[in-house]
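2 protein chains.
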Amino acid sequence: MRALETDLYQLTMAAGYFHRGLADTTATFELFVRNLPRARRYLVACGIESALDYIEALRFEDDDIAYLRELPAMRDAMTPTFVEYLRAFRYRGDVFTVPEGTVVFGGEPMVQVRGSLLEAQMLETFLLSTINHGTMIASKASRVVTAAAGRSLFEFGTRRTHPDAALSCARAAYLVGFAGTSNVEAGKRFGIPVMGTAAHSWTMAHADEETAFANYAATFPQSTILLIDTYDTLRGAERAARIVGDKLKGVRIDSGNLGEVSRGVRTILDAHGLTATKIFASGDLNEHAIAELLRGGAPFDGFGVGTELVCSTDAPALGGVYKLVEWERGGQRRAIAKFAEGKATYPGAHQVYRSVGVDGELVDVLALADEPVPAGVRGLLERRILSGIRVGEREPVDAIRERTMAAVRCLPSRFHSFSPTESSAPSLQLSPSLVALLGEVRASVSH
Amino acid sequence: MRALETDLYQLTMAAGYFHRGLADTTATFELFVRNLPRARRYLVACGIESALDYIEALRFEDDDIAYLRELPAMRDAMTPTFVEYLRAFRYRGDVFTVPEGTVVFGGEPMVQVRGSLLEAQMLETFLLSTINHGTMIASKASRVVTAAAGRSLFEFGTRRTHPDAALSCARAAYLVGFAGTSNVEAGKRFGIPVMGTAAHSWTMAHADEETAFANYAATFPQSTILLIDTYDTLRGAERAARIVGDKLKGVRIDSGNLGEVSRGVRTILDAHGLTATKIFASGDLNEHAIAELLRGGAPFDGFGVGTELVCSTDAPALGGVYKLVEWERGGQRRAIAKFAEGKATYPGAHQVYRSVGVDGELVDVLALADEPVPAGVRGLLERRILSGIRVGEREPVDAIRERTMAAVRCLPSRFHSFSPTESSAPSLQLSPSLVALLGEVRASVSH
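Residue numbers (my numbering), protein chains in the order written: chain Z, 1 to 447; chain U, 1 to 447.
No wet-lab data here; the hints were simulated from the structure.
Incorrect hints may appear among the rest.
Distance condition first, Cα-Cα at most 30 Å in a straight line; then the derived DSS-like pairs of lysine-lysine [as the list claims (entries may be wrong)]:
id, chain 1, residue 1, chain 2, residue 2
1, Z, Lys278, U, Lys343
2, Z, Lys343, U, Lys249
3, U, Lys249, U, Lys278
4, Z, Lys247, Z, Lys188
5, Z, Lys338, U, Lys278
6, U, Lys338, Z, Lys249
7, Z, Lys278, Z, Lys249
8, U, Lys188, U, Lys247
9, Z, Lys247, Z, Lys278
10, Z, Lys249, U, Lys343
11, Z, Lys343, U, Lys188
12, Z, Lys278, Z, Lys343
13, U, Lys247, U, Lys278
14, Z, Lys278, U, Lys338
15, U, Lys278, U, Lys188
16, U, Lys188, U, Lys249
17, Z, Lys343, Z, Lys247
18, U, Lys249, Z, Lys338
Just need the whole structure built from these sequences, with the hints factored in.
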């Protein structure tokens, strides 16, 4: 399953390790984001569950192997013994991850893979792909949730991203607090709420707006939400109120000066006694626009957010990396670090301990995985796969959502600013053992 | 197949059209980008073939219908007759598209859908999703191809986008002129070349760089390309030349001052007589960086491009829309236009005629689909689906690639500038018949 959804170099390296007798080297890799994008003050780890599903299911099918045997770049290496190895391949090592939805900062491992060098290396591309994408979307969505200050949010972005990516976006948005998505397949697949009304084309396909509204209400008498801005929004509000009356659950406005128009619409609805009828906004919204509307007192009950969310337009790429931090073979163990500016990595396998100082500040400590656990804290990284087998319960999506929302809400307030910044993350502290190891490695790399 | 990968409102509208007797209204929808992003001077239409595959295969499966019957927002409308309708649903109308890889500008339809209002509306979300994404990536990739001025380009971005989106990115990049991709599944699925070498972890998993190089060369004696920047790039080049000798096909440099370092590497390789050994660059490259390297005379033979390509970071969202332009029922025909500033659409079903003026300038004319074809030009929109059945041959991916590359190369030079612009597109001319219709519609919408 999905074994070829990877960069070719994972397979050339696998062949190399196999043929050169290095397959049984034990290695630890860690997946983390070195530095947050300027427009992000925290990240919400997402894609972890999809990564675990991949690791469990990873197999080479017959047609994958047939393809590799014909591929010029691999042909040299596809000997009968290596083909046998690939046929029997599965990931047999351990995997530790932070729980889906965990708030993380630069330099903090979200995933730690410990296994044979060959097997652990093979996971790199897919893990980066699914976690970079998921975390990028969840982190953007979480800012929108903060901006909406309790109003309902709907993910509307399917049309502005790849069809399959859209499903992951809907899930990521829900995990951090969106109320639901317009993507029906995402609703079916992940068990999350689905919502939607009608498009402008509905209104324009009728002879006039009155008929369009009456026809919609007749079809969905229990859930009549009307899009009222096709011609003139205030006239649309008046017509909706008149035609549907107190069965009008809500109206949506997708254009114009949303702040001003929403007040006019509220007045019209209230004048018809429709004080319970909700007003929703959509149309190129993001955390900044929503915060500004609410600051100005615009009487919106909810927002649909699409393009800006699924493209994460202010931070459209997340540069998570997957780095070898340690290997061991024949009794020799080597901790790996990089010292290049901007590309530094810390040696050894790690754990992250998070605590809250007396001043309410977050304190994150990066420690070595095998040093004693500090009193009273639990490491963020938990074992999720043991010798290739998934361990622990699968957390329901609503439980992840509740946990994630609570964690974000409790962040010190400076993390909730939407302005760009160079260094908002808690400066990651290093445990004394890690500092000592770093010194040793630095001394040894003068070769 | 894939019927629920859509916005809920497509299904609520379908139910509305069905229950209110409007299902057999005939409608024409067009998919186009209103205005190009500032950082794009032309678009390359991509995702067309995937859209056609979707249209042909679109069906509601039993479990889709079961899900919709339980969905609160749909429950009212899922009567036995509508359920029967969904079970038998397929798209039975016509579809016209520009050929995959066609250069298009703002306001020019890439797809035109003519069918029953209900069926044609149902296609909106998926068509937008796959074409917005494909066109965004192909358009970015095409700029990179221009910048590389004939050097080889490799798509390396899988890890920086959603795993499934990555496959489409690899294909889109190849269509506009990339030489291949690192994504093995994309190679298998689309029949495009796959390439890759090794990662830094390969080198770091060995006791030293010499052993790492020797082990790689021993595994791939016919295709030895080495990543030489793990420790010190010039020393790496020296070691690679010494250890592999004239079987060294190429070296890759992923960090540092690429321009300067590449000259040093070239000198070292040449000094070892390895004048045929190629030098490749990677690491956050885009069209600007590549053009600058080549302007400076950096002796690179090829480039790997990842993040900037698959995230289209300078234009991370493409706002293609799918608009109702005409409907007809009971002998009444209505052409639809919008006049709102920035959201204007032209009424009626269209065709685009492209010609090249004596000054070499492109002239694109938007005409009505049913007006006589001007002498000597062919419309860009071609019939691809007739009454629900795919027509014409499936064009091989290499034929699309050749045609697309030739069309981009022949664009007037101002389209090949990489600087942002407000209005680079050929100002779309309207045919006299379209101007007349626009006047009629404008006069009629004073209601």
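Here is how each hint holds up against the structure:
With a C-alpha separation of about 26 Å, the suggested pairing of Lys278(Z) with Lys343(U) holds against the 30 Å cut-off. A distance of roughly 28 Å separates the Cα atoms of Lys343(Z) and Lys249(U); the hinted pair therefore holds under the 30 Å criterion. With a C-alpha separation of about 6 Å, the suggested pairing of Lys249(U) with Lys278(U) holds against the 30 Å cut-off. For the hint linking Lys247(Z) to Lys188(Z), the alpha-carbon distance of about 28 Å falls within 30 Å, and the restraint holds.
With a C-alpha separation of about 27 Å, the suggested pairing of Lys338(Z) with Lys278(U) holds against the 30 Å cut-off. For a cut-off of 30 Å, the pair hint linking Lys338(U) to Lys249(Z) stands: about 28 Å separates their Cα positions. The suggested pairing of Lys278(Z) with Lys249(Z) holds, with an alpha-carbon distance near 6 Å, which does not exceed 30 Å. Restraint check for Lys188(U) and Lys247(U): the C-alpha separation of about 28 Å stays at or below 30 Å, so the hint holds.
Proximity of Lys247(Z) to Lys278(Z) is assessed by CA-CA distance (about 11 Å); at most 30 Å being required, the pair is judged to hold. Distance check on the hinted pair: Lys249(Z) and Lys343(U) sit about 28 Å apart at the alpha-carbon level, within 30 Å; holds. In summary, the hint linking Lys343(Z) to Lys188(U) is not supported, as the alpha carbons are separated by about 33 Å, beyond the 30 Å threshold. For the hint linking Lys278(Z) to Lys343(Z), the alpha-carbon distance of about 50 Å lies beyond 30 Å, and the restraint is violated.
For the suggested pair Lys247(U) and Lys278(U), the alpha carbons sit about 11 Å apart, so the restraint of at most 30 Å is met. Of the pairs offered as hints, the one joining Lys278(Z) and Lys338(U) holds, with about 27 Å between alpha carbons and a cut-off of 30 Å not exceeded. In summary, the hint linking Lys278(U) to Lys188(U) is supported, as the alpha carbons are separated by about 26 Å, within the 30 Å threshold. Proposed proximity of Lys188(U) and Lys249(U) is supported: the alpha carbons are some 24 Å apart, at most 30 Å.
Of the supplied pair hints, the one linking Lys343(Z) and Lys247(Z) is violated, its CA atoms being roughly 59 Å apart against a limit of 30 Å. In summary, the hint linking Lys249(U) to Lys338(Z) is supported, as the alpha carbons are separated by about 28 Å, within the 30 Å threshold.
The earlier numbered hints that this structure contradicts are 11, 12, 17.
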